[in-house]
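S.K.: For the protein sequence lines, the chains are L and V, in the order given.
Sequential numbering from 574 applies to the first sequence in this note's numbering.
Sequential numbering from 15 applies to the second sequence in this note's numbering.
Warning: the hint list may mix true and false statements.
[What the hints assert, rightly or not] For the chain L half of the interface with chain V, some residues (derived, Cβ under 10 Å), not all of them: (1) Phe-591; (2) Glu-593; (3) Gln-594; (4) Leu-596; (5) Arg-603; (6) Tyr-605; (7) Gln-606; (8) Ile-616; (9) Glu-658; (10) Ala-690.
In short, the hints are calculated from the structure, not lab data.
All figures in this text were calculated on a predicted structure; none of them were measured in a lab.
C-beta: ideal position from N, C-alpha, C; glycine also.
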Amino acid sequence: MRDRPQGHELLAIAAKTFREQLLPALPEDRKYQALMILNAMSIAERQQEMGEGPLNDECDLLEVVLDTTPKADELHERAAELNREFARRVRDGAYDNDDTGRHVLWAVTLQKVRESAPRYLKVEGIED
Amino acid sequence: MDTVKLAEFLAARTGAQSVLVENTRKLSGGAIQENWAADLVISGGSHDGTVAVVVRCDAPSGVSDSHSRAQEFALLKAAFDAGVTVPEPLWLGDKSVFGRDFFVMRRVNGAAAGHRLVKDMSLGGDRALLTQRLGEEIAKIQRVQPSAELAFLERPDVHPALHFIARSRAYLDNYHTPYPALEWGLRWLEKHVPDRASWTQDQLVLAHRDFRTGNYMVDAQGLTAVLDWEFAAWSHPLEDLGWLCARCWRFGQQGDAKAAGGIGSREDLLAGYNRIAGRSVSPAELYYWEVFGELRWAMIAIGQGERHISGREPSLELALTSHIVPELELHILRMTGIDFSKEDGGHA
């Protein structure tokens, strides 16, 4: 068992300190770089905090919609294999008029945005 | 940059008795090219007087697959001659002068930063007029005719949208990460090409292909220069218009009133375009090319991110560009009939 604070908690307090105490002291021409660092830390923090749960869910969802079991065992390899097959079928038009496939497409993309750019979801009124 | 050698070159080219190169200072630039501002004090010859210029040259270790300086010069000249607002290209030099390829263009003043331009109303003059002007510029670019000097520009051998779709699929087939949502978007583009049946290759026009806020300069009165021509190629007449209106280039501005580059409306943009092009393109006709713009930016973002991921060019900015792709993907889904943020789920 890992002692707390764990990775995402450390990233959160590091980002807070950086934002509140270092950022205001930086010259204007360095702020863009500083904001990029904060953005990178937030993405890493969200990925750590969410853990592997969403990726597991995604694999389960894809196995159902594709009606297939991937050869790979390791989670990330499974996800890659399933997504590649899903992408191939999307290209071939398998889900042009298939609501289940479209739901899965929405769900897997939405989860990526939750980690990479949750601001988009807020601005567009999709999630708070 | 060797200013003595440059002065000798300029004296020979202008027929001047003497040329002084003064106030040289390095402007923003990248790993590939350098830009130097300079004031030329020219005595006699074709350009007698003081000329404010920018010298654009290869960086000392610049290795590039983008256009060469000679190609950029030819492109700027063609655009300038067609009436596009670009810095006037003055003289083209080569390695024999000071060891690097370069050209000299007239210096233009103004600000380009996109996030500043969309908010700072002291820049750009009247925004409706500026937006119309952008449409006029896109139409003027399309007046440029093919020539031997421009033979280096890429020319698709099928409808430009189908060309992009095929190229994107080939890239994704060899990429380590699959993108089902982009595949959906590419499929949508393939199925919805508005002018597939009527398209003929003689409709190809010169397109800037990165005509967006951030890539043109304005002063307090209005537009002063269209910049960054390295993506230029022969393409579809609506590509530049759609690119400028794509959500990704609005710098956070919301609503149809700011759809064109975060600056103005599609209606104003098209009023300017149609006036010069003699056409009657409607805002609805841009939709396909706005979706196309989102897809194209997503593909470029993947490529930029890969420069970091592969270890070739470690960079935080490139690394973060990869993480722009998911929101582009979700937006593409929403534009193409998949939106389950609301109860009904949308329809294609």
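S.K.: Could you run down the list of hints and mark each one as holding or not?
M.R.: Cross-check of the supplied hints:
no.: 1; hint: Phe-591; verdict: violated (14 Å)
no.: 2; hint: Glu-593; verdict: violated (21 Å)
no.: 3; hint: Gln-594; verdict: violated (21 Å)
no.: 4; hint: Leu-596; verdict: violated (16 Å)
no.: 5; hint: Arg-603; verdict: violated (13 Å)
no.: 6; hint: Tyr-605; verdict: holds (9 Å)
no.: 7; hint: Gln-606; verdict: holds (7 Å)
no.: 8; hint: Ile-616; verdict: holds (6 Å)
no.: 9; hint: Glu-658; verdict: holds (8 Å)
no.: 10; hint: Ala-690; verdict: holds (4 Å)
Comparing the model with each earlier hint shows violations of hints 1, 2, 3, 4, 5; every other hint is respected.
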